[in-house]
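Student: The primary structure of each chain is shown beneath.
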Amino acid sequence: MAGKAFQKIYTKLTQITKATCAVTATGVGNEELATVSGRLAQVVKLMGDTVTLQIFSGTEGIGTDAEVVFFGHPPTLKVGDQLAGRFFNAYGDPIDGGPEIEGEEVEIGGPSVNPVRRKDPSELIATGIAGIDLNNTLVTGQKIPFFADPDQPYNQVMATVALRTKADKIILGGMGLSNDDYLYYKHTFENAGVIDKIISFVNTTDDPPVERLLVPDMALAAAEYFAIQKNESVLVLLTDLTLYCDALSIVSNRMDQIPSKDSMPGSLYSDLAKIYEKAVQFPEGGSITIIAVTTISGGDITHAIPDNTGYITEGQLYLRRDSDIGKVIIDPARSLSRLKTKVMGKRTREDHPQVMSASVRLNADATNAKTKMENGFDLSDYDQRAMDFARDYADQILAIDVNIDTEEMLDTTWALFRKYFTREEVAIKDEFMKIHWDKG
Amino acid sequence: MTKGTVKGIISNLVQVEVDGPVSQNEICYIDLEGTKLMAEVIKVSGNIAYTQVFESTRGLRPGYPVEFSDRMLEVKLGPGMLSKNYDGLQDDLNKMEGLFLTRGEYTDPLDEDSEWDFEPLAKAGDTVIPGDWLGSVQENWINHKIMVPFKLEGKFQVKNVAAKGKYKLTDTIATITDAEGEEQELNMIQYWPVKLPIRAYESKPRPFKMMETGVRTIDTLNPIAEGGTGFTPGPFGTGKTVLQHSISQNAEADLIIVAACGERANEVVELFTEFPELDDPRTGRKLMERTIIICNTSNMPVAAREASVYTAMSIAEYYRSMGLRVLLLADSTSRWAQALREMSNRMEELPGPDAYPMDLPAIISNFYSRAGYVYLNNGEAGSITFIGAVSPAGGNLKEPVTESTKKAARCFYSLSQDRADSKRYPAVDPIDSYSKYLEYEEVKEYLDANISSGWVDSVTKAKDILLRGKEAKDQINILGDDGVPLDYHGRFWKSELLDRIILVQDGFDPVDKSTPMKRQAYMLNLVLKVCDTEFAFDSYEELQPYFTKLINDLRQMNYQPFESDEFKKYESELEVILEERRAK
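Chains A and B are the protein sequences, given in the same order. So in our numbering, spot 298 of the first sequence is number 298, and the numbers just go up one at a time. Take any residue in the second sequence, count from 1 to its spot, add 440: that is its number in our numbering.
Note that these hints are calculated values from the structure, not bench results. There could be a bad hint or two in this list.
Below, in silico cross-link-like pairs of lysine to aspartate or glutamate (EDC-like), each with a Cα-Cα straight-line distance of 16 Å or less [as the list claims (entries may be wrong)]:
1. B:K606 to B:E559
2. B:K447 to A:E102
3. B:K910 to B:D927
4. A:K18 to A:D388
5. A:K372 to B:E981
6. A:K434 to A:D405
7. A:K45 to B:E788
8. A:K230 to A:D168
9. A:K346 to B:D949
10. A:K429 to B:D949
11. A:K78 to A:E60
12. B:K608 to B:E555
13. B:K1009 to A:D411
14. B:K516 to B:E537
15. B:K863 to A:D411
16. B:K989 to A:D246
17. A:K372 to B:D922
18. A:K119 to B:E717
19. A:K429 to A:E350
20. A:K119 to B:E714
21. A:K429 to B:E717
22. A:K429 to B:D952
23. B:K913 to A:D331
24. A:K429 to B:D993
25. A:K439 to A:D411
26. A:K119 to B:E981
27. A:K372 to B:D531
28. A:K419 to A:D388
29. A:K261 to B:D794
30. A:K429 to B:E559
31. A:K186 to A:D196
32. A:K370 to B:D794
33. A:K372 to B:D921
34. B:K863 to A:D49
If you want the footprint, here are the derived chain B segments under chain A, 3+ residues with CB under 8 Å [what the hints assert, rightly or not]:
35. 540-548
36. 761-767
For each residue, glycine too, the CB sits at the ideal point set by N, CA and C.
Work out the full structure, taking the sequences as your base and the hints as a guide.
Tutor: Shown next, in the form of structure tokens:
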């Protein structure tokens, strides 16, 4: 992304803040790219002939006589089949030592898909993880985040999901990844021998934070290429969007905007929606599915970032370490995939929805029983059975390391129902009881 | 026409230097190298007009020319709007080319070439005022009235009305003469500025009829009146949208307008896909035939999101003027408020609470006041029942949008996280929620006459059972199962039974998802009868298995067609179960 030789150079900066600078120039378009002393920048405000630029790598050492060169176009990415298997930085430049990409140059952060041209998502994505497949089934074209505390193994779970799902392409957008985590992803993908279907755009903690703002748009521009041109099913993994939002608040703060809740810009909802709403199922078969990570602080989902995210995404997943079995599970009580009803019992066995809600209810009873026990009350026989059920259920089904198909998950759940409960307690529609309870 | 030049650009706020008069809310078009971007004036300072652009401003430069239109943002009204999918500016989304929304592409909301069977209702010599019916056409199953345009003022004399026959939208169907003798030719199309209410009606009484929604927790416990207003605040994941969808499918309305305002595109796609397939339970036709969807999803430009709720309301007012019962659903009004906040922020206005504009409460209550039951000039009645979803930040009901809406709406359906977590859908909290209409004498009379005498007393009784059950549950949690009198367990389980049978509704079951009022009344009376029963138990441990059995039986009843053999079978089993523990 270098400037061209004949372009006009401006050298009179009128204002410099920590993230932005202003220059007097004419003929500049909104959102246009530029370089300031060789650093990449983007136009964020125009007032008469004063152009305000956001410098991605920060303004340290920028002088009032810095050279500003405008590109005449917004940020772009060269797309093509050669993207597959490659690692890029936030600007779309290769960081794996490989050659430059040859291909069509497309603007990133492009327009929205006309809603009437979308297809209602209806294809299941199997992950082999029961916390997802059984209780919170994912669907192509869905967008869903993990709400995780920083100490939880969300990167490992994301990598597991990436390796187990049968997507044609997997695109990783890493924002503020620690270098260790970046290498973890890289090695996991390489060792699994799936590197050819993976594309990564990575901003690590070594890079300036404002650069992150480009990562989701880069990843999604690549995703749109494969989903639209190649009709492929593309899974986009974005981690960590909390760090993306932090970068948004830095820029808005430097531009003297009035912050709304939790020091976030007033446009946070729209900013996040622009990313997540790129998730889509096209009628021709291509799809973009987004699984993101939003780190939260001490489980607080009322903070502006998880809160706005929850209103945009189609559900959310929570990780929890189950102390009874000593393993990480996807929390059945709090997690929710809103699109699950589109496939549950339709693309899976008919008893799936009822089994799912019964097991969630019985797990909730177990949680109540546990609270009772912790408060020193006597447990009824039912309480004890519910707790035993929940333990076995976590161990045999929910644990992340269990990798079985949905049919087997359902059969195992029925077996546990029979082991611990009566017909009335399970309370599933009679037609399913006849098939699955009575036969066992 | 006034012209201007772009001076400054901050995101979608564009400052335009103008060479002549401009008015507040006037629409202008910015010429971006041949692409016309629509914008609305939201502030004027000296010769600078501040405009909010309804499209992305990428690539826009200072110096680009701007043309003003001398009109406000308007909807185009006429036959053919039913079953259309519009964006927030009333562009027909199906007419747009390409996979992506192209900025600067505006499409005709109506099909001007379409022909309609016109039947005259007025005759030469009649005196008419704006809103009066001149004739009608059949639009799907709605008798669509062609009215004297709302924009006109004063009284008119009908000079002639077209004879019965086929006409295009643009054909003249009537000529009217004003007091000065000036003639006007009218066709089937009229325009209306969306930000102003249509007031072409005789009077607006207090709502007095009940509007059936098929949702038991609403109809039975906190009914909404026809022409009433309600809102559903709730944290994410509590089922606001699912509740709105199920109301839209089953409500007793002539037509449904859904404003998907800043929400998920997949949810709208679900409407697009399902509504043409779903049968309208009352007419047997497809739901889509009586539905208009205004869709401005969260990734569509934010200024158009603000416009979308007004577009929806204006279309609702238009149909109300035909003497129809309109149900308007907006999901979510918080996104609309956020759009206002984004613009206020860019204009560097001094912020109110949570950075929302200071006049937010006034804007919200003005909007809600456009709903209502009206008597038209010809004595007919029409109504707009409005239910807005609110998405409170962090699930905190003390935030500005919820608080402002609470002052404006008469029904409050609070969606509770606890209920959603325990999968008790619809997650409307029975204790926090209320319907002010239950206090209206005229509503009480209506319910007495149409459901059963003393109905409101039964409802109050049900609410008491729920409240007492909650109190008992709290005591049990504090003191332990054996630390409270046995009676507390009885109270708790009776409320649990009422909750699980009346309030909880399985939205995915073909029978249970919608309950007609007659069946609701039957079930409530049955459940109240069970709750009135004196039971005999020796220890608290006997209650849980017994009530589980009762609940299971009644639940099976909910799944069966009303008064079917299976339904009656479970009902007679209920008697047997009751006998087991009836106090002698």
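Student: Take the hints in turn and mark each one as holding or not.
Tutor: Going down the list of hints, with the structure as the test:
About 9 Å separates the Cα atoms of K606 (chain B) and E559 (chain B), which keeps this hinted pair within 16 Å; it holds. Restraint check for K447 (chain B) and E102 (chain A): not satisfied, since their Cα atoms lie roughly 38 Å apart, outside the 16 Å limit. At most 16 Å may separate the alpha-carbon atoms for a hinted pair to count; K910 (chain B) and D927 (chain B) meet this at roughly 13 Å. For the hint linking K18 (chain A) to D388 (chain A), the alpha-carbon distance of about 57 Å lies beyond 16 Å, and the restraint is violated.
Among the hinted pairs, K372 (chain A) with E981 (chain B) is consistent with the structure: their alpha-carbon atoms are about 15 Å apart, no more than 16 Å. The hinted pair formed by K434 (chain A) and D405 (chain A) fails the criterion: a straight-line CA distance of about 23 Å is larger than 16 Å. Between the alpha carbons of K45 (chain A) and E788 (chain B) the distance comes to roughly 14 Å, so the proposed pair stays at or under 16 Å and holds. A C-alpha spacing of about 10 Å is found between K230 (chain A) and D168 (chain A), which places the hinted pair at or below 16 Å, so the restraint holds.
Taking the CA atoms of K346 (chain A) and D949 (chain B), the gap is near 14 Å; set against the 16 Å cutoff, the hint holds. With a CA separation close to 11 Å, the supplied pair K429 (chain A) and D949 (chain B) stays within the 16 Å bound. This hinted pair does not check out: K78 (chain A) and E60 (chain A) have alpha carbons roughly 29 Å apart, beyond 16 Å. Restraint check for K608 (chain B) and E555 (chain B): satisfied, since their Cα atoms lie roughly 4 Å apart, inside the 16 Å limit.
Between K1009 (chain B) and D411 (chain A), the direct Cα distance comes to roughly 31 Å. Violation of the 16 Å bound is thereby established for this hinted pair. Annotation: proposed proximity of K516 (chain B) to E537 (chain B) is violated, straight-line Cα distance about 21 Å (limit 16 Å). The suggested pairing of K863 (chain B) with D411 (chain A) is violated, with an alpha-carbon distance near 23 Å, which exceeds 16 Å. In summary, the hint linking K989 (chain B) to D246 (chain A) is not supported, as the alpha carbons are separated by about 53 Å, beyond the 16 Å threshold.
The straight-line distance between the Cα atoms of K372 (chain A) and D922 (chain B) is roughly 13 Å, inside the 16 Å bound, and the hint therefore holds. With a CA separation close to 15 Å, the supplied pair K119 (chain A) and E717 (chain B) stays within the 16 Å bound. Under the criterion of a C-alpha separation no larger than 16 Å, the hint pairing K429 (chain A) with E350 (chain A) is consistent with the structure, at around 11 Å. Distance hint between K119 (chain A) and E714 (chain B) is fulfilled; the C-alpha atoms sit about 11 Å from each other, no more than 16 Å.
This hinted pair does not check out: K429 (chain A) and E717 (chain B) have alpha carbons roughly 26 Å apart, beyond 16 Å. Only pairs whose Cα atoms come within 16 Å are accepted, and K429 (chain A) paired with D952 (chain B) is accepted, the gap being roughly 13 Å. With a C-alpha separation of about 26 Å, the suggested pair K913 (chain B) and D331 (chain A) falls outside the 16 Å cut-off, and the hint is violated. As the CA atoms of K429 (chain A) and D993 (chain B) are separated by approximately 11 Å, the hinted pair is consistent with the 16 Å bound.
Simply put, K439 (chain A) and D411 (chain A) have alpha-carbon atoms about 11 Å apart, close enough for the 16 Å limit, and the pair holds. Of the pairs offered as hints, the one joining K119 (chain A) and E981 (chain B) is violated, with about 52 Å between alpha carbons and a cut-off of 16 Å exceeded. With a CA separation close to 57 Å, the supplied pair K372 (chain A) and D531 (chain B) exceeds the 16 Å bound. About 10 Å separates the Cα atoms of K419 (chain A) and D388 (chain A), which keeps this hinted pair within 16 Å; it holds.
Simply put, K261 (chain A) and D794 (chain B) have alpha-carbon atoms about 6 Å apart, close enough for the 16 Å limit, and the pair holds. Restraint check: the Cα-Cα separation between K429 (chain A) and E559 (chain B) comes to about 53 Å, which exceeds 16 Å; the hinted pair is violated. A threshold of 16 Å between alpha carbons decides the hint, and for K186 (chain A) with D196 (chain A) the separation of about 12 Å falls inside it, so the pair holds. Taking the CA atoms of K370 (chain A) and D794 (chain B), the gap is about 39 Å. The hint is violated against a cut of 16 Å.
With a C-alpha separation of about 10 Å, the suggested pairing of K372 (chain A) with D921 (chain B) holds against the 16 Å cut-off. A hinted pair counts as satisfied when its Cα atoms are at most 16 Å apart, and K863 (chain B) with D49 (chain A) does not qualify at roughly 58 Å. With a threshold of 8 Å between beta carbons, the proposed coverage of the region 540-548 of chain B by chain A holds, since 4 of its residues qualify and at least three are required. Restraint check on the region 761-767 of chain B versus chain A: 0 residues with Cβ-Cβ distances below 8 Å, three needed, restraint violated.
Checked against the numbered hints above, the structure violates hints 2, 4, 6, 11, 13, 14, 15, 16, 21, 23, 26, 27, 30, 32, 34, 36; every other hint is satisfied.
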